[in-house]
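Chemist: One-letter residues, chain by chain:
Number of protein chains: 2
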Amino acid sequence: MKYQALMLALSATIGSHWANAAEPIETIQPIKITEPEKVELGKMLYFEPRLSKSGFISCNSCHNLSTGGVDALPTSIGDRWQQGPINAPTVLNADFMLAQFWDGRAKDLQEQAGGPIANPKEMGFTHELAVTTVASMPAYRERFAKVYGADKIDINTITDAIAAFEKTLVTPNSPFDKYLTGDQQAISADAKAGYEIFKSRGCAVCHNGPAVGGTMYMKMGLIKPFHTNNPAEGRKAVTGKEADKMVFKVPTLRNIELTYPYFHDGSVWSLAEAVNTMSDVQLGQKFSTEETAQVVAFLKTLTGDQPQIVLPILPPSTAETPKPQPFAQ
Amino acid sequence: MKYQALMLALSATIGSHWANAAEPIETIQPIKITEPEKVELGKMLYFEPRLSKSGFISCNSCHNLSTGGVDALPTSIGDRWQQGPINAPTVLNADFMLAQFWDGRAKDLQEQAGGPIANPKEMGFTHELAVTTVASMPAYRERFAKVYGADKIDINTITDAIAAFEKTLVTPNSPFDKYLTGDQQAISADAKAGYEIFKSRGCAVCHNGPAVGGTMYMKMGLIKPFHTNNPAEGRKAVTGKEADKMVFKVPTLRNIELTYPYFHDGSVWSLAEAVNTMSDVQLGQKFSTEETAQVVAFLKTLTGDQPQIVLPILPPSTAETPKPQPFAQ
Numbered sequence: 001m002k003y004q005a006l007m008l009a010l011s012a013t014i015g016s017h018w019a020n021a022a023e024p025i026e027t028i029q030p031i032k033i034t035e036p037e038k039v040e041l042g043k044m045l046y047f048e049p050r051l052s053k054s055g056f057i058s059c060n061s062c063h064n065l066s067t068g069g070v071d072a073l074p075t076s077i078g079d080r081w082q083q084g085p086i087n088a089p090t091v092l093n094a095d096f097m098l099a100q101f102w103d104g105r106a107k108d109l110q111e112q113a114g115g116p117i118a119n120p121k122e123m124g125f126t127h128e129l130a131v132t133t134v135a136s137m138p139a140y141r142e143r144f145a146k147v148y149g150a151d152k153i154d155i156n157t158i159t160d161a162i163a164a165f166e167k168t169l170v171t172p173n174s175p176f177d178k179y180l181t182g183d184q185q186a187i188s189a190d191a192k193a194g195y196e197i198f199k200s201r202g203c204a205v206c207h208n209g210p211a212v213g214g215t216m217y218m219k220m221g222l223i224k225p226f227h228t229n230n231p232a233e234g235r236k237a238v239t240g241k242e243a244d245k246m247v248f249k250v251p252t253l254r255n256i257e258l259t260y261p262y263f264h265d266g267s268v269w270s271l272a273e274a275v276n277t278m279s280d281v282q283l284g285q286k287f288s289t290e291e292t293a294q295v296v297a298f299l300k301t302l303t304g305d306q307p308q309i310v311l312p313i314l315p316p317s318t319a320e321t322p323k324p325q326p327f328a329q
Numbered sequence: 001m002k003y004q005a006l007m008l009a010l011s012a013t014i015g016s017h018w019a020n021a022a023e024p025i026e027t028i029q030p031i032k033i034t035e036p037e038k039v040e041l042g043k044m045l046y047f048e049p050r051l052s053k054s055g056f057i058s059c060n061s062c063h064n065l066s067t068g069g070v071d072a073l074p075t076s077i078g079d080r081w082q083q084g085p086i087n088a089p090t091v092l093n094a095d096f097m098l099a100q101f102w103d104g105r106a107k108d109l110q111e112q113a114g115g116p117i118a119n120p121k122e123m124g125f126t127h128e129l130a131v132t133t134v135a136s137m138p139a140y141r142e143r144f145a146k147v148y149g150a151d152k153i154d155i156n157t158i159t160d161a162i163a164a165f166e167k168t169l170v171t172p173n174s175p176f177d178k179y180l181t182g183d184q185q186a187i188s189a190d191a192k193a194g195y196e197i198f199k200s201r202g203c204a205v206c207h208n209g210p211a212v213g214g215t216m217y218m219k220m221g222l223i224k225p226f227h228t229n230n231p232a233e234g235r236k237a238v239t240g241k242e243a244d245k246m247v248f249k250v251p252t253l254r255n256i257e258l259t260y261p262y263f264h265d266g267s268v269w270s271l272a273e274a275v276n277t278m279s280d281v282q283l284g285q286k287f288s289t290e291e292t293a294q295v296v297a298f299l300k301t302l303t304g305d306q307p308q309i310v311l312p313i314l315p316p317s318t319a320e321t322p323k324p325q326p327f328a329q
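Line by line, the protein sequences give chains A and B.
Just so you know, we're using my numbering here: the first sequence kicks off at 1 and counts up by one.
Just so you know, we're using my numbering here: the second sequence kicks off at 1 and counts up by one.
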């Protein structure tokens, strides 16, 4: 009940607080790439299907940069079409998150990147085979030598490069950011009204910071239970504490129009329904149809410039490259 | 036996013929894009996973522009991880082919593009649902209206746009093309020797034209049987003629270093082995180890500039967009 108490206390004061202080949302700045060779290498690895057992699945398969950094499925498709356990979070602006995965079990993007490669239900590979694969190609050896020094291809450098690329995947210049920085015409009157609701009714208690989320963990079903068939236990899986059951990292709302379906179980496809569910189970409030539409109008202003990605050209396999195993047992 | 007789007759004269005539291989010219809006629309559709039942498979899944326009698997992975029947041919330079698919059952790229969308083992969708999907998004409606006129979203315009994009996927400026146009330093002495073998020993009888293939159909196993577990019957499936059994479109050798594994059954991973098999079963010849290495050196000079693709940003689904069915029955 401590969350609930905290929440109610915060909700009561939040409107007046933010009326007199900084906005709860910070703008996103365009990225300045300081290590272009590492980023380019990371981009190759991000699109590299040979980091999977099948030779078919890359990071981009489930965090598709054509579609908001997600696969737009309730839960992902993994090796041999296995059904993933949870909705794939967007890779866009992910470096703003306090930790990675819904339960925060990876401390940063580098640690996260190693997970799916070796997860039997996702890419189904091993770190050892991933290293052997990358090291089997002269073009990769040259690039790693340039970025990390000779003979430095291991799972740490592979995931470091992927993380370096992912850190560039930010989405600046959203209409809302333009509004925040003074352009009153950048968003509609409905969106402005929606933002006021977002702040005054409590949404921004959890959804704040540059990514409009990702700054804290919070219980899903704070005021009322959230009904789901998804067995994920949230932070409890990390901490072992019963109090952390159903406590998840607050997801980013940046580009939310692109990252359906919503919630950790991917159960909701419409933004209006997502807003209504959240106001109900997290805030114990019922928004009017107009209020919901206004909040949705606000949320749609959070779509920023999508990263412009030139598809990498990957080097050919060699005789030393492990063969893909798409169908073998 | 008519192929065999033809082949032997051609082989006997081929060296002297080409010594005094035009080269059997034509250079590939950079593409001039005359309809950029149609090409851009086609690129979006090429990367559009919502043209599949699962929402997970796009044209680019099996004709991956990061990896030579193929999936680099013996046979492809389709809807629900079904195993495809035949090796995915490269989309690169595909417009130079006399017809599409290994058996030539589609007359052109537009006709080809409709196949996988509706094939239950590939994208598993229907043309009707593909049209409904595309037409459900305002951004697509606008683009189609601009390119084709209002209310012109149908399977013909969808595949026309995809084909328009695919026609731009050519690979000029290969070392071999530079050599052909006069740069004697563009390829090694081994590659030059390999090219002479390629011409004098009969390879170029079938592998000719700008794509170094795709100008004719030919029996696989012309002189000796080609042993395979793959049940594909080749042109027989199109013509119904017993004489067309195991007759396939001659594949392009452009970018062959990238488009392993080889042959319609994807059974061979090394270029040297592919060359030896072809010299054996198609030409009834045994190349020395040195000759094989020289032909391989020549083949590797056929890798051209890969198309530089800026990943398209796809519009979000709407309430009218059919939901993906990745796991439903």
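The hints are simulated quantities; they were obtained by calculation from the structure and are not laboratory data.
If you're wondering where the values come from, they're calculated on a predicted model, not measured in any experiment.
Incorrect hints may appear among the rest.
Just so you know, same-sequence chains aren't split out, so a pair can sit in one copy or run between any two.
Claimed, not checked - Straight-line C-alpha distance at most 35 Å; calculated DSBU-like pairs for lysine-lysine:
| hint | residue 1 | residue 2 |
| --- | --- | --- |
| 1 | Lys152 | Lys245 |
| 2 | Lys236 | Lys178 |
| 3 | Lys146 | Lys178 |
| 4 | Lys241 | Lys286 |
| 5 | Lys121 | Lys286 |
| 6 | Lys146 | Lys241 |
| 7 | Lys286 | Lys32 |
| 8 | Lys245 | Lys323 |
| 9 | Lys121 | Lys178 |
| 10 | Lys146 | Lys224 |
| 11 | Lys323 | Lys286 |
Chemist: What label fits Lys286 with Lys32 when the C-alpha limit is 35 Å: within, between, both, or neither?
Modeler: Classified as neither; 42 Å inside a copy, 57 Å across copies.
Chemist: With identical chains, the pair Lys241 and Lys286 could be close in the same copy or across copies; at 35 Å between alpha carbons, which is it: within, between, both, or neither?
Modeler: Answer is within; shortest intra-copy Cα gap is 31 Å, inter-copy 70 Å.
Chemist: Since the copies are identical, ignore which copy is meant and state whether Lys236 and Lys178 lie within 35 Å (CA to CA) inside a copy, between copies, both or neither.
Modeler: neither (39 Å within a copy, 62 Å between copies)
Chemist: Within a copy, between copies, both or neither: which one fits Lys152 and Lys245 at a CA-CA cutoff of 35 Å?
Modeler: neither (40 Å within a copy, 51 Å between copies)
Chemist: Indicate which option fits the pair Lys121, Lys286 if close means a Cα-Cα distance not exceeding 35 Å: within, between, both or neither.
Modeler: Neither way: Lys121 and Lys286 sit 39 Å apart in one copy and 46 Å across, limit 35 Å.
Chemist: Given identical chains, is Lys146 near Lys241, meaning Cα to Cα at most 35 Å, within a copy, between copies, both, or neither?
Modeler: This pair counts as neither: shortest intra-copy Cα distance 45 Å, inter-copy 57 Å.
Chemist: From the Cα coordinates, with 35 Å as the cut-off, is the pair Lys146 and Lys224 best called within, between, both, or neither?
Modeler: For Lys146 and Lys224, neither the intra-copy (54 Å) nor the inter-copy (49 Å) Cα distance is at most 35 Å.
Chemist: At most 35 Å between C-alpha atoms: does Lys121 with Lys178 qualify within a copy, between copies, both, or neither?
Modeler: neither (41 Å within a copy, 47 Å between copies)
Chemist: At most 35 Å between CA atoms: does that hold for Lys146 and Lys178 within a copy, between copies, both, or neither?
Modeler: Intra 39 Å, inter 29 Å, cutoff 35 Å: inter-copy only.
Chemist: My question is about Lys245 and Lys323: at a cut-off of 35 Å on alpha-carbon distance, are they close within one copy, between copies, both, or neither?
Modeler: Intra 41 Å, inter 30 Å, cutoff 35 Å: inter-copy only.
Chemist: Given a CA cutoff of 35 Å, do Lys323 and Lys286 count as a within-copy pair, a between-copy pair, both, or neither?
Modeler: So Lys323 and Lys286 pass the 35 Å test across copies only (28 Å; inside, 55 Å).
The structure fails to meet hints 1, 2, 5, 6, 7, 9, 10 from the earlier list, while all remaining hints are met.
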